[in-house]
Amino acid sequence: MLDTKNKLTQWVVSRIKSEYPDDVALLVAVEGFSVNGDGHGEAFDYFVPSTQRGNELAQTFIIDKVGYDLYPRTWERMQRTADLDDPATQCLGNATILYARSGQDVERFEDLRRQLLDNLADPEFMYRKALEKLDSAMDLFKAMLFEESLYKVRCQAGYIHQFLAVCVGYMNGTYQGNFASGVVDEISQWKNLPDGFMDYIDLNFFC
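This note's numbering applies: residue 1334 is where the sequence shown begins, and numbers increase by one.
Treat the hints as calculated values from the structure; they're not laboratory data.
Hints may be right or wrong, so weigh each one.
Calculated cross-link-like contacts (lysine-lysine; reagent style BS3-like; alpha-carbon spacing at most 30 angstroms) [unchecked claim]:
1) LYS1350 with LYS1398
2) LYS1485 with LYS1475
3) LYS1340 with LYS1350
4) LYS1340 with LYS1398
With the hints as constraints, model all of the structure from the sequences given.
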């Protein structure tokens, strides 16, 4: 099998340096996803563009039947991530920088990560965010009651499960919102778990 662990990442870094030196601030991997989480090895996950032109770097690779997505996350979205208004908080909290245009870009990124960690340590802030997810789940449930299409019901039920799971995560001061099977053991150690919560998690993972 072709070893893409380093070659593909090196190719992307080389392309950034040669074609987008002023347009891409960071190339980032996410532990548990692109790093040692899904068979991709230590490859990239996303990049942070610094100009509109930088978005042209986005690309999907399929090598040995494994997909590699190189996609942009703007600084504005990273700020929403730090504020827990963007669901993919692991993309900031579990991130590893593979390439940086400058030390200032690294510091800006790390400042956002510190904001995320400060928010996670603030019980009142996390309680408010949990209530927001609960409200979203309740709104979806109300809509689902009047839905006639089965596929839409299934979709809404999936989002309800996701919002409620994230709500529980926020009540425990964590940003693990994707609830992939790899974090089941971690979830089971949380202090605040509703009755039967782990059974529901297992059912949704493995049914």
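Against the structure, the hints:
At most 30 angstroms may separate the alpha-carbon atoms for a hinted pair to count; LYS1350 and LYS1398 meet this at roughly 28 angstroms. For a cut-off of 30 angstroms, the pair hint linking LYS1485 to LYS1475 stands: about 13 angstroms separates their Cα positions. A distance of roughly 15 angstroms separates the Cα atoms of LYS1340 and LYS1350; the hinted pair therefore holds under the 30 angstroms criterion. Using a Cα cut-off of 30 angstroms, the hinted pair LYS1340 and LYS1398 holds, with the two alpha carbons roughly 16 angstroms apart.
Violation of the numbered hints given earlier is absent; every hint is satisfied by the structure.
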